[in-house]
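Participant: The lines below spell out each chain.
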Amino acid sequence: MDRRHFLGVTATAALGLAALSTLPGSPDRPEKNGYAGVSSEERRRNRFPDVPLVTHEGRNVRFYSDLIKGRTVFLNFLYTVCTAEAICPLATANLVEVQKILGPRVGRDVFLYSLTLDPKNDTPRVLGSYAKAFGVKPGWTFLTGEKEDIERLRRNLGYVNLDPVKDRDPSQHSGMLRYGIEPLELWGGCPILSRPEVIARRLAWMEPRGGRANPAA
Amino acid sequence: MAPHIRSSGSKAHEKLVSRYMQEIRDIAKAGLSRRELFRMGLVVGGAGAAAIQGARGFKPYWAHADSLPFRSPRNTPFIDPLPIPPVMRPVTLNPAPTKGTNPGLSAVTGFPEASRPDHQRWEQFLPVAMYESIEKAVQHDFYPDIDGVPPSTVWTFVEPSTGNAGPLRIKARYGEPILHRVHNALPADNGGFGINKTSTHLHNGHNASESDGGPLHFYDARQFKDYHWPNVRAGFSNNIPESSWNGRTVPGDVRETMSFLWFHDHMHDFTAQNTYKGLVSLYTLFSDDINLDTDDETTGLRLPSGEYDIPMVFADKVFDPRTGQLFFDLFNLDGILGDKDTVNGVIQPYLEVKRRKYRFRFLGGGPSRVREFFLSNGQSFIQLSNDGNLLPRPLFRRSMRLQVAERVDVIVDFSKAGIGEKIHLQNRLEQTDGRAPTGKIIAPTNLVEFRVVGDAVDDSRVPAALLDLPNRNVAIAKNRSWKFDRTNGAWAVNGNFFDPDVFSAVIRRNSAEIWTFESAGGWVHPGHPHMEEFQILSRDGKAPPIEEVSRKDMLGVGDSVFGTDNSSKARIFLQFRDWLGNYPMHCHNTVHEDHGMMILFNVVA
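Top line first, the protein sequences correspond to chains A and B. Going by this note's numbering, the first residue of the first sequence is number 5, and it counts up by one from there. Going by this note's numbering, the first residue of the second sequence is number 1029, and it counts up by one from there.
Simulated from the structure, these hints should not be mistaken for lab results. Keep in mind it's a predicted model, so treat the numbers as computed, not measured. By construction, the Cβ of each residue, glycine as well, lies at the ideal position given by its N, Cα and C atoms. You may find that some hints are simply not true.
Here are the simulated distance ranges between beta carbons [as the list claims (entries may be wrong)]:
hint, chain 1, residue 1, chain 2, residue 2, range
1, B, 1593, A, 54, 43 to 49 Å
2, A, 112, B, 1523, 35 to 41 Å
3, A, 69, B, 1449, 56 to 62 Å
4, A, 54, B, 1529, 35 to 41 Å
5, A, 112, B, 1176, 46 to 52 Å
6, B, 1500, A, 201, 37 to 43 Å
With the rest of the complex left out, here is chain B (with noise of 0.2 Å):
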């Protein structure tokens, strides 16, 4: 056993010290992992025990640096409109995308494509809408002018096309294969925080290993990479190759069919910084091939649609009181909070609507906040999707809780309301740091004012169903659970550090599996899985609640991920389709993700 050593400085405590090191430096020579240390007894465990039972306290989210004390400037609300993000346009690429890494340069930037895998499953599915879109530094107000706050340099995606900055939309719809021609032309410079490096993923996209934007699969600035986004359903290459909904018959299980997915930065280290700074985007995908949810509010589903159905992406912030300029937290190990909420990019926006229905796509941007929205009038949401999932049934919520990256469709019906009302959304979650939650409603803070301004012909519906859960009736092939943990400062997952070079889980394409998502306490951790998306078998042993009879591809286990409660087991069912190489599964706090809050796993034939 290792001493314990009191004396200072003298010439015993050396000795001590070097003694001790010998041991340990054998120990370490012999291979031994710390647990195997720990198993053997060889290792003095009282501190770490100790602290342990310790007691919980809160203190500001950056208390941790005393030399940034501050607050954001002030801003006057309701000035600005909410920023409505512009639908990218298709367009042709120059060079044509290949199935092999492009040997043409680009005619829009000159960069060359970045190195990657062929594409998989390219002939069958070759891209019908070609996007392109430039990662790149702009200058972006998030405040009113009248605040006198001078723009802060973001790094968004901007449309050559059209020259339109991101947040932007992808309106896509199945059937219809897209390929996404990603340029990287961030700067070195990267103004306090960011890397340019960059990996696109799109958030709940069924699709190929090297399309997915995983964090390992960053490329150079002054780079392209094409990806291919083929907006097919999973199940499509095996166990139901067909199926059927109103009557049209498509390919892959339509009881996956998705509907509200987004594209971020993924880059290994660096996605809390990246995303922070503005690489964020939306995609909504559309099902009119089974004439389910059409973006036309006269078929199908007939919901809000058009310029009624609007995303929102909520990103909490902070500026520099001295320089009015974005500032990221890059020693805050913890999460990431912000004092200033904002949406689609602007803090406060107003939003002018008509006393009809409407949809709306609320998105938890990150990096660690969680949210309760509400309505100012005491009206219920009328939520439609659970992380962008149509729900079996519609359900009428007070209040819906998001975690980070996690995502909802809501209807709001203004009809009721009168000209001239105002009426907000409402955060009324209290959370004071990085880790959790409260899980208090405190009074509220409002996002958005909607301005009640007119009336407008409404031909859309809440329909008293909508989809189906996919079965589970499937011979499940393995159990495994996932513990995300903190270890002496550092994030582990099953008491592992993240390798890149290690498969935590090796699963045979097609199959099926059971995992088990838990939380050490103390903490809350959005776990995402990549590949596919999945469902809650049961949460602390019972079944979860109905929001969450859904699917899904976001799991918070954790501090009050509902109420005041911990729950701190989650199982889900999940199933790996269709497409095979590695993929990552990882806490979506991102702060926690990029310190190694993460593993892989690798989808074999």
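Isolated chain A (complex conformation) (with noise of 0.2 Å):
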């Protein structure tokens, strides 16, 4: 699907929407007794911290405002040194296929992200040649920061555990993938590990008249 056609589908859903406005009880926002009304544009940036990070190719970006703002992203957390089980290596080779599934959507309208959850040790020079390990095509970019910064990226991408114990171990937290359509404020997740065509095909379940799971059920 290239850019044009995705901005198609959303203003036919647009259409659809207020065709359905003519229909009795549709909603409106409501104001009373000091509670805001909240524009979706608000919420939508109250979701994420917007904290500054550099990505592999040395780039100064903020979270929220220079990487999710506006896109579809796959989202998630790794470190270059994890060696238990091999789940952050063999989820970068998973990602590498589900990149190359999405074919020349990604660094189009489909970004991926990963963070590390080591920035001490992951350095930009560090995820660059981890990327480039891997063959990471463009419009997937590697991240990095403050320590602060990510553990409250982490934090409030759910990606914790509330044992402390586990909470420490970054291994813990590399096993799940995000994925959003971050202006339709729709986000879900999975197992990092799953099925790289099962990642891809998650994201066509999300979008607007998009792919069916199985067309005959």
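Take the two lone chains and join them into the complex the hints point to.
Facilitator: Written out as structure tokens, the structure is:
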């Protein structure tokens, strides 16, 4: 699906919404007694910390404004010296396959982000060589940053374990992939070692007029 | 073996990293799974293995999100009455339903029908009662007016012929096949969470795969789908074509007669969000064809009926104190807990009751909370069913613990209460995070206030016996085990991640199997196979407690299933009769199921 097509279906969905507003009982946005109505834009902005990060290419970026806002994204956490059960390298190898399946959409209207859990060791240069070693293509960005900022993002995105011992073990946070269509506020997640075709299909499931899981069912 | 790397940012490090990556890529290219790698000793498991021995600890349920340390606005209790779910009315559908995908557009919405396979056994069970609902966004007050909290946008089933909004209730009867046309008119603007694609699952329905409303059977907004719910007892096609009860003979095993089901959205990845947003309704199935549970307290079992038969959906929520709007914690993987428990969509409602017996039907509405119900005056519940299935005989219980999606029907007898008395329905189970309750019984939270206001005729009875259990003396075709686990933060069953293209079990129709459910510990997982209910054979090698000597469709395994005990392993007997096609088995902590704690099985001829 190219960008024009993607925008096209979004517009169709918006038209559908307008048509439906003629049905009785459509919602409006009430404001009363000091409770503020909140715009979708504001709610979206408040969902993520807009922390500064550095890409594996050495660019300075903001998490929300530069990476997430308005985009369709896949997100995960990893660290380059992740050896426990080889979860990170296998995850990265798996996402390389996902990137192949998504093809030219990656970097155009779909973006992949891998955030390090080990910002001390995973400098932009290390992340760059990691990406290169895996044959990562453009549109997939590896990110590092200040320890506190990474920690804030990790917690915000739910890569946590209530058990404090497990929470300190970064391998416990490397098994989940998050994905979302940020402008539509659609967010899901799945095991990162799911079959790459299945991961790519989950995006189609979320997209307006996207693909069916099983057309015969 | 992969090297341990300690240095940072140096050339040597980079070299090591790339050598390591090459090694891993070669392994990955060879198509070896993680488990195989582990077996080959190629993988260093040190940190992971040490962590498994780690201590447990509790935190507030959304401690993961530093930006969200809020609580819901306070509510004034017992201002609004308990909403009684309106009973849906049969309608004439236009265009009339068809065996295959309907070629016409709906006269109500103009929507086409979503593509689906033909209904199985359509001619055999031509629908007699037609229902129609539209999934749409409506404004709903969870709080009473005096609290000044604005209404929230919810998504719910709305009946176009009456304008009634969910939770709705279908009163179904055995021998009367139902066709439920569900239109998806949900907006693309989701107000923060939820997706406008749906699949309506009739929970515990013994239905054909194409009408099961499984998580992969979803359809887009601006379409409808016809669900064929024939209200027929399991076994009708083969091993028990006819059986008798109370002198009446009907198809299927009368001992598989069900009574309290519910329907809810089951969209894959989004079940927690969409049900939390309101896509939940009720389905009570009566068996006047065998003069059993008749919806009339002067006949059959003579259970409290009519206005004295009241379903209650318990669903805990959070409201954003800045906006007053229903809030969903999108990045919580453990399980969602709210600080306001709603009953039929209202926080702490009251119900005026007469001095007589009532039949209440309790449903744990999820996403993740387990409750233990008590009455404030110490009175016992008279439990009639487990998961909506009549027990062999009523049980007197001071309290009952309900996992997500579990149901009980109870009789509460107010005949000895004084006029003006107030009795509270309470939850006293401590649960501080999405993993599992602690099992501790703590100070009560009042859920509903019963106000005794007068007298009324009571023709109902507490029967001595209800319904015998079905025969289990059937050849077992296969034993299977399902272990619910979390690995590197991801949900898995038997160590495998959910794959919509893989059937984890292929099962011959009309066969019986024994399944074992296991939880790895530290969690509770309410397992739920679709298609047929089951019976529990054992828990941790012992006979199940008396309330679980019943037919069930939910099986809680893990922490604090009973008391503060862990029940880590349970065996069940289940059959796969009458219908063909694919069905899921999943954890019904909806947050877990959305993130892959699910398998598919296929029933074949």
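Participant: It remains to establish, for every hint, whether it holds in the given structure.
Facilitator: Here is what the structure says about each hint:
1. The hint said 43 to 49 Å for the Cβ distance between residue 1593 of chain B and residue 54 of chain A, and at roughly 46 Å that hint holds.
2. Evaluation of the 35 to 41 Å hint for residue 112 of chain A and residue 1523 of chain B yields a pass: the beta carbon distance comes to about 36 Å.
3. A beta carbon spacing of about 59 Å between residue 69 of chain A and residue 1449 of chain B agrees with the range 56 to 62 Å that was offered as a hint.
4. Restraint check, residue 54 of chain A to residue 1529 of chain B: a C-beta distance of roughly 38 Å satisfies the suggested window 35 to 41 Å.
5. Taking the beta carbon of each, residue 112 of chain A and residue 1176 of chain B are about 47 Å apart, inside 46 to 52 Å as hinted.
6. Distance hint check: the CB atoms of residue 1500 of chain B and residue 201 of chain A are about 41 Å apart, consistent with the given range 37 to 43 Å.
Of the hints listed earlier, there is not a single one the structure fails to meet.
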